[in-house]
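Participant: Here are the chains, one letter per residue:
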Amino acid sequence: MFISFIIGSLIGRISKKVSYFFGIIGSVLGIVLALLVLLTGSSLEFDLWKTTQTSSFEFFVSPFNSYFLLISCFVWLGTCVYSIGYDDEDYTNDLSSLLIFTILSMVVTILSGDSISFLVGWESMTIASFFMILKGKGNADTIRKAAFLFLAFGEVSTVFIMLSFSGIFSSIGNFNFLASSSSAIHASGPLSSWILVTALIGFGLKMGIAPFHMSEWLPIAHSNAPSNASALLSSTLTLMGVYGFINVVVHLGQYELWWGWITLVMGGISALLGSLFASVSEHTKGLPAYSTIENNGLIFVAVGTFILASYYHLTLLGDFALIAALYHAFSHSISKASLFLVMGWISKIKKSFDLNNQNPISKTVRQVGYFPGLFTILSLSAVPPLAGFVSEWMILETLFQSFRFGDIASQIIGTIVGAITALAAGIIIIAMTKAYGFGIIWPEMKDDLETKETKSKIERSKSIKGIFYYFLFLILGIGVAAPVIFLLASNSLSQILHTKVFDSLVTGLLGIPTYFVILSGKPFGGFSPTFTAVFMVCLMIVPVAISRLGDKWRIRRTFGWFGGQTQPSATSSELYNSFSYSTPLRIMLKFLFKTKEKIVEIGGVRRPIILSPEEYFVEVEVLDVFKQIYDTLTKYALSLSFYTAMTVMPGRLGLYLIYIMTAFIFVILYISLIK
Amino acid sequence: MIPKFVEQRQIEEINGTIQISSIFEINGKSLAILTDIENSKTILSDMPLSLGEHVSLLLKEQTNIGVQTDLDIGSKVEGYGVFIFPYGPVSSGIPEAGGFKLITYGERIVKLIPQINFKKRGIERRVIGMKPEDALLLVERSAGNFSSSYSTCFITAVENILGLEIASSAKWIRAVAIELERIYNHLHVFGRLGEAASQNVATAQVNALKERVLRINAKYYGHRYLFGFNKIGGVNYGPFTTDERKGLVSAIKVIAKEFSNIVAFFLSSRIFLDRLQETAKLPKQDALNLGAVGPSARGSGIDMDDRLMYPIEPYNDIFIGIETDKEGDTMARTMVRIQEIASSTVILEQLLDRMPSDNINKPQLSSSNSSSSLPCNSDKDFSFCRIESPSGDLIHVVQLDAITGRIKFLHIRPPSLVNWLPLSKSLEGNVFTDFQFAFESFGLSYADSDR
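Chains as they are written, first to last, in the working numbering: chain H, 546 to 1220; chain Y, 2 to 452.
Don't read these hints as lab results, they were simulated from the structure. Glycine included, every Cβ here is placed at the ideal spot set by N, Cα and C. A few of these clues could be false.
Unchecked claim - Straight-line distance between alpha carbons at most 27 angstroms, and here's what the computed BS3-like set of lysine-lysine pairs gives: (1) LYS232(Y) to LYS409(Y); (2) LYS1143(H) to LYS121(Y); (3) LYS77(Y) to LYS1143(H); (4) LYS896(H) to LYS1007(H); (5) LYS102(Y) to LYS232(Y); (6) LYS247(Y) to LYS258(Y); (7) LYS30(Y) to LYS285(Y); (8) LYS102(Y) to LYS1141(H); (9) LYS285(Y) to LYS42(Y); (10) LYS1141(H) to LYS121(Y); (11) LYS1143(H) to LYS409(Y); (12) LYS285(Y) to LYS232(Y); (13) LYS102(Y) to LYS30(Y); (14) LYS895(H) to LYS1135(H); (15) LYS690(H) to LYS1180(H).
Stated by the list, open to error - If you anchor each label on the Cβ, the simulated ranges turn out as follows: (16) GLY248(Y) to TYR1121(H): 32 to 38 angstroms; (17) VAL91(Y) to ALA954(H): 43 to 49 angstroms; (18) GLY1108(H) to SER31(Y): 42 to 48 angstroms; (19) SER41(Y) to THR978(H): 29 to 35 angstroms; (20) TYR1121(H) to PHE266(Y): 36 to 42 angstroms.
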């Protein structure tokens, strides 16, 4: 698998298709490996290089990390196949190399058994993504800024992760905690808090958790990054954050109360902000990127519940929350990749990343996105029995059980965060309907515009359709086959979980056979995604049969009612647009969005009863407050570095050499003293 | 021949508080009826030259039947996400056939373009060649809600051309009808506003009061909407006996009292007030410039009322309190209407109390020096009249054929027509949900403006 990814990343300069082909092979191998490990429960370890007695560079495949490998490989497989059709002469050959290299570094990150190789993978992943973002289309200056912002956030994240890992090192004395069993970090008091808080910031930065959510949406949206790259960045790169954070949390073993509160509150706020900003985003990449923030917030909420439950020794609830987090990571990664790829394809054809843009595109091209797009947005808006619903249901169920927490403060926080999360899950529906409506299916054009160019596009759309359906079946599968995913997640956590959660929570109930009902606690709610699906299909059979078979009740189609006037043409200025769709939200939540509405009357005189033509110019802006804060910070940092550059850098060369020599000697001295 | 409240002089420049009320073309000459609001004067002038090449919307809208008119001359709105939201002509919310083009970027109204003349029946052309008494049937039915204002306005102009000096009591009976019409129209508007705010119980009570006024109309004037009580040279109903007059006054007083109780409930409802206050604000200057009339103008602090500015009998003889409110929002317009119900009750009381008792249906040819006669040009072939209808200033210009006595020219300047632009202006910057309240508070009628 490694080899195939390495070859893939090297060969990219020569041939894109071969490069992606190796990516596909690697992903398939990864899926097979991950499934084998997950189902058998055996771990593999490869020591690469023993540094000291206790530390070594090693790779390992345990059930825990193979679960994340499985998710990622599903996404990578789809992305690589998609890229073969997507990555055309618009982008240079480097893109394929960078893409596969990013995948390779992610594999390193997931499979590394020690913090050093983890950080190596983490860094190379950040740098490769940085170059991928630079491949975006549009204003070069904006893209450069976006890419450097991504790099800056990535480096800050690395710094915090290093701080966290150094804390772990000082508590256990080696780097290899990732490969060791859970609760391996026997830290306590301030040191453990240090480890958790730095990990929370470090990985939270990658996941785009508020108030660091800029790191997620801005690079993707401002750079118009290639769609395959965006899918990779938004679904698997943030997944690495989830992996790292859960890893540190489960290895801590002992928990403080306020960790749970912080994680819950940050998660809740991220979910709400993410869904709100997704709803007012007009960018085909910005909208899914904001939705990623929402979903990662939900994962944070689940982890927070796990911490609180563990603190109160509610083992079953804690285990369920952790499984919910893992489940949500799975369903979100798959759905989000699918959304990016479908919307990306349509906007590539449309040649615009603006949802508001109504460039005519052929109906046949749009049709490739109809069903896959529909199922994707339904999953992301948590509609049963799809992937997103099962995991969101699980997360909300854990919050419903916040009454089990031992003190009133935790109960109140749990309840409030539960309400916020449910609100976010509701608001995201606005964003998703908008994405589907304006990004995929509407406005619909007839195929009378078929030029030679669009014909080739139609051919390519048909060939790319398959990969959308691959995601569609995954989304359906993760939802309907919920017990299987539950089993995989609980298997992957077998080292960590305190209870036999699969045996106790996946049962049968009310005539539904064993292994088909998921309970959220004992005694608490229960739900069977599989049988919900069966039930929904059964319900659909009757109306479908009537509409298809019954002669008398055939569907009658008629024209829409346009207030008694003629139907506006597809290019008319009377068409509703995506901006207007979410303007009520912009106006209602003015305090949050800092909406600026500017209506300027340019010309025109109003005299008694006589009017001369009037001209207006309208400008509405929505502001992310955090962006403003970061902009201010950037301004100060820039002026500081300018000051430093002007005062320190032009110093004498001799002095500089002496400084370097002195520093070197000190380092040598320090190392020898330690030995 | 021109009474003291009408001046006939040439106006060159339109400025200050002079408002163009109507423009019409008669005998191959463009004439304008202007209103000097400050001095409470009506001015009949040749077409002011300063209007230049500007197209008057009043002329523009005189289209053929079946051609709708956008009350707008090529406005342009640019910006991200701006689109035109077509509303009407057949939709819920707008009670008649009429439409709007809302230029918006979602929710916020940037500009509102009223579309009228869906209901155009061409009354003005249709009556040409008819006998005045036949034309009356059409004219008073062209806007059912304002029928007594329409018939009185038309008949007064015709009578003036014919030189008929009709009995004072007939004029007073017409005034009673106009005030009754005002009361039920204001009740109607208030009911619509309550409905828009979903105050269903209170709205039903207001509508019940309106129904009682309509029944009073039917009892005293033979028709719920006051059709057919007027005739040239007099009226078909009345004079009322003393008991009848007392009964009418007390019935209206009871209605006004009950209404003030309901209003007290409305004004204590925060939900209702929130929807009305600060909604669709029309500043005084805009109201002046755009030529707002009636309660809409009075809601913006403009002190204009035809009953004072053009005081035909009996309005020159009784006390009239004009209600104004300077806020200019929907609430102000509503308050003006509420207070006008009370003031109309007082006017009705005076009218019925002091009604002269001359022979009601015996018109005489007027003596040439009568000060109360209406304006006529020197050839005595056309005349105009202004009546304060429930929605404001209504103007009829009538010309009769000197030989046959049939209608040669009719120009109607309905109050709703000039109030569209103030409505459009007031709604700029408001949100969609304010639309209903603004629309109802102006008391506009498509039948009226389209005629």
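Participant: Decide, hint by hint, whether the structure agrees.
Facilitator: Consistency of the hints with the structure:
Taken as a hint, the LYS232(Y) and LYS409(Y) pair is honoured in the structure, with Cα atoms around 19 angstroms apart against an allowance of 27 angstroms. Between LYS1143(H) and LYS121(Y), the direct Cα distance comes to roughly 38 angstroms. Violation of the 27 angstroms bound is thereby established for this hinted pair. Taking the CA atoms of LYS77(Y) and LYS1143(H), the gap is about 16 angstroms. The hint holds against a cut of 27 angstroms. A C-alpha spacing of about 18 angstroms is found between LYS896(H) and LYS1007(H), which places the hinted pair at or below 27 angstroms, so the restraint holds.
Straight-line distance between C-alpha atoms of LYS102(Y) and LYS232(Y) comes to about 41 angstroms, which puts the hinted pair past the 27 angstroms bound. Straight-line distance between C-alpha atoms of LYS247(Y) and LYS258(Y) comes to about 16 angstroms, which keeps the hinted pair within the 27 angstroms bound. Distance check on the hinted pair: LYS30(Y) and LYS285(Y) sit about 32 angstroms apart at the alpha-carbon level, beyond 27 angstroms; violated. A threshold of 27 angstroms between alpha carbons decides the hint, and for LYS102(Y) with LYS1141(H) the separation of about 24 angstroms falls inside it, so the pair holds.
Distance check on the hinted pair: LYS285(Y) and LYS42(Y) sit about 19 angstroms apart at the alpha-carbon level, within 27 angstroms; holds. About 42 angstroms separates the Cα atoms of LYS1141(H) and LYS121(Y), which puts this hinted pair outside 27 angstroms; it is violated. Proximity of LYS1143(H) to LYS409(Y) is assessed by CA-CA distance (about 52 angstroms); at most 27 angstroms being required, the pair is judged violated. A threshold of 27 angstroms between alpha carbons decides the hint, and for LYS285(Y) with LYS232(Y) the separation of about 39 angstroms lies outside it, so the pair is violated.
The hinted pair formed by LYS102(Y) and LYS30(Y) fails the criterion: a straight-line CA distance of about 34 angstroms is larger than 27 angstroms. Distance hint between LYS895(H) and LYS1135(H) is unfulfilled; the C-alpha atoms sit about 32 angstroms from each other, more than 27 angstroms. A hinted pair counts as satisfied when its Cα atoms are at most 27 angstroms apart, and LYS690(H) with LYS1180(H) qualifies at roughly 13 angstroms. Between GLY248(Y) and TYR1121(H) the CB atoms are about 57 angstroms apart, so this pair departs from the stated range of 32 to 38 angstroms.
Distance hint check: the CB atoms of VAL91(Y) and ALA954(H) are about 58 angstroms apart, inconsistent with the given range 43 to 49 angstroms. Here the CB-CB span from GLY1108(H) to SER31(Y) is close to 36 angstroms, at odds with the stated 42 to 48 angstroms. For SER41(Y) paired with THR978(H), a C-beta distance near 58 angstroms fails the hint of 29 to 35 angstroms. A C-beta distance of roughly 39 angstroms is found between TYR1121(H) and PHE266(Y), which places it inside the suggested range of 36 to 42 angstroms.
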